[in-house]
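Participant: In case it helps, this note's numbering puts the sequence shown at residues 14 to 152.
Since the hints were made in silico from the structure, they are not lab data. Just to be clear, a hint being listed does not mean it is correct.
[What the hints assert, rightly or not] Capping the alpha-carbon separation at 25 Å, the derived lysine-lysine pairs in DSS-like fashion look like this:
no.: 1; residue 1: 102; residue 2: 112
no.: 2; residue 1: 32; residue 2: 143
no.: 3; residue 1: 32; residue 2: 114
no.: 4; residue 1: 80; residue 2: 138
no.: 5; residue 1: 131; residue 2: 91
no.: 6; residue 1: 138; residue 2: 114
no.: 7; residue 1: 80; residue 2: 91
no.: 8; residue 1: 143; residue 2: 114
no.: 9; residue 1: 29; residue 2: 114
no.: 10; residue 1: 91; residue 2: 29
no.: 11; residue 1: 138; residue 2: 32
no.: 12; residue 1: 32; residue 2: 91
no.: 13; residue 1: 102; residue 2: 91
no.: 14; residue 1: 131; residue 2: 82
no.: 15; residue 1: 25; residue 2: 91
no.: 16; residue 1: 32; residue 2: 78
no.: 17; residue 1: 80; residue 2: 131
no.: 18; residue 1: 131; residue 2: 78
no.: 19; residue 1: 25; residue 2: 131
no.: 20; residue 1: 32; residue 2: 102
no.: 21; residue 1: 80; residue 2: 135
no.: 22; residue 1: 102; residue 2: 143
no.: 23; residue 1: 135; residue 2: 91
no.: 24; residue 1: 32; residue 2: 135
no.: 25; residue 1: 150; residue 2: 135
no.: 26; residue 1: 150; residue 2: 114
[Said to hold, decoys possible] Just the calculated beta-carbon pair ranges, DEER-fashion:
no.: 27; residue 1: 111; residue 2: 78; range: 35 to 45 Å
no.: 28; residue 1: 142; residue 2: 27; range: 17 to 27 Å
no.: 29; residue 1: 45; residue 2: 77; range: 19 to 29 Å
no.: 30; residue 1: 83; residue 2: 149; range: 31 to 41 Å
no.: 31; residue 1: 80; residue 2: 113; range: 35 to 45 Å
no.: 32; residue 1: 149; residue 2: 30; range: 23 to 33 Å
no.: 33; residue 1: 86; residue 2: 146; range: 26 to 36 Å
no.: 34; residue 1: 111; residue 2: 83; range: 38 to 48 Å
no.: 35; residue 1: 79; residue 2: 111; range: 33 to 43 Å
no.: 36; residue 1: 130; residue 2: 80; range: 16 to 26 Å
no.: 37; residue 1: 34; residue 2: 92; range: 17 to 27 Å
no.: 38; residue 1: 143; residue 2: 43; range: 17 to 27 Å
no.: 39; residue 1: 113; residue 2: 85; range: 33 to 43 Å
no.: 40; residue 1: 86; residue 2: 113; range: 38 to 48 Å
Glycine is no exception: its CB is placed at the ideal position from the N, C-alpha and C atoms.
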Amino acid sequence: MTQTLLPYRLGKAFGKSEKLINVNILAGLFGSGVFVSQYPLRANLYFTPLPLEGVPAQVVFTASKRKFKRAVDRNFIKRRLRELYRHYKMDLYGALDAKGKTLAIALMYTGSELPDYKLLEKSYKVLQQKILDVLEKNT
14 MTQTLLPYRL
24 GKAFGKSEKL
34 INVNILAGLF
44 GSGVFVSQYP
54 LRANLYFTPL
64 PLEGVPAQVV
74 FTASKRKFKR
84 AVDRNFIKRR
94 LRELYRHYKM
104 DLYGALDAKG
114 KTLAIALMYT
124 GSELPDYKLL
134 EKSYKVLQQK
144 ILDVLEKNT
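Taking the hints into account, I'd like the entire structure generated from these sequences.
Facilitator: Below, the structure is given as structure tokens:
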């Protein structure tokens, strides 16, 4: 029995097809991508064709090992970032579909203390608007 990938339009889930794991795309993302930031978040953006059809964006989440020595803390931060992305991704997907572009994103937490969800949510909304502005300028 073959497994089919559900399109992102079926809900606000964050599925396997939306996770960025391609090594070549990751190298381009951190090598020559554009970045935008809104403390305590930073997003590297790389407009490139993605390996999976029907997914306009793939994302990777990071938290610094230098600032957060315990893996529990890093995982906590990445879990919060995934939740924020999952909740607000439909606006980004709509804009990408309208422009006919695909995007690789690295979402990084740059703060030095564990984040409060409300503060993180406020920063993410501003950051997403900056991402949409970069998308407008890029086309």
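Participant: Run every hint past the structure and note whether it holds.
Facilitator: Okay, the hints, checked on the actual structure:
no. : hint                 : verdict
1   : 102 - 112            : 16 Å, holds
2   : 32 - 143             : 21 Å, holds
3   : 32 - 114             : 17 Å, holds
4   : 80 - 138             : 24 Å, holds
5   : 131 - 91             : 15 Å, holds
6   : 138 - 114            : 21 Å, holds
7   : 80 - 91              : 14 Å, holds
8   : 143 - 114            : 16 Å, holds
9   : 29 - 114             : 20 Å, holds
10  : 91 - 29              : 15 Å, holds
11  : 138 - 32             : 21 Å, holds
12  : 32 - 91              : 13 Å, holds
13  : 102 - 91             : 16 Å, holds
14  : 131 - 82             : 24 Å, holds
15  : 25 - 91              : 17 Å, holds
16  : 32 - 78              : 21 Å, holds
17  : 80 - 131             : 21 Å, holds
18  : 131 - 78             : 23 Å, holds
19  : 25 - 131             : 20 Å, holds
20  : 32 - 102             : 13 Å, holds
21  : 80 - 135             : 22 Å, holds
22  : 102 - 143            : 14 Å, holds
23  : 135 - 91             : 17 Å, holds
24  : 32 - 135             : 23 Å, holds
25  : 150 - 135            : 23 Å, holds
26  : 150 - 114            : 13 Å, holds
27  : 111 - 78: 35 to 45 Å : 38 Å, holds
28  : 142 - 27: 17 to 27 Å : 21 Å, holds
29  : 45 - 77: 19 to 29 Å  : 22 Å, holds
30  : 83 - 149: 31 to 41 Å : 40 Å, holds
31  : 80 - 113: 35 to 45 Å : 38 Å, holds
32  : 149 - 30: 23 to 33 Å : 26 Å, holds
33  : 86 - 146: 26 to 36 Å : 32 Å, holds
34  : 111 - 83: 38 to 48 Å : 42 Å, holds
35  : 79 - 111: 33 to 43 Å : 39 Å, holds
36  : 130 - 80: 16 to 26 Å : 19 Å, holds
37  : 34 - 92: 17 to 27 Å  : 18 Å, holds
38  : 143 - 43: 17 to 27 Å : 19 Å, holds
39  : 113 - 85: 33 to 43 Å : 41 Å, holds
40  : 86 - 113: 38 to 48 Å : 39 Å, holds
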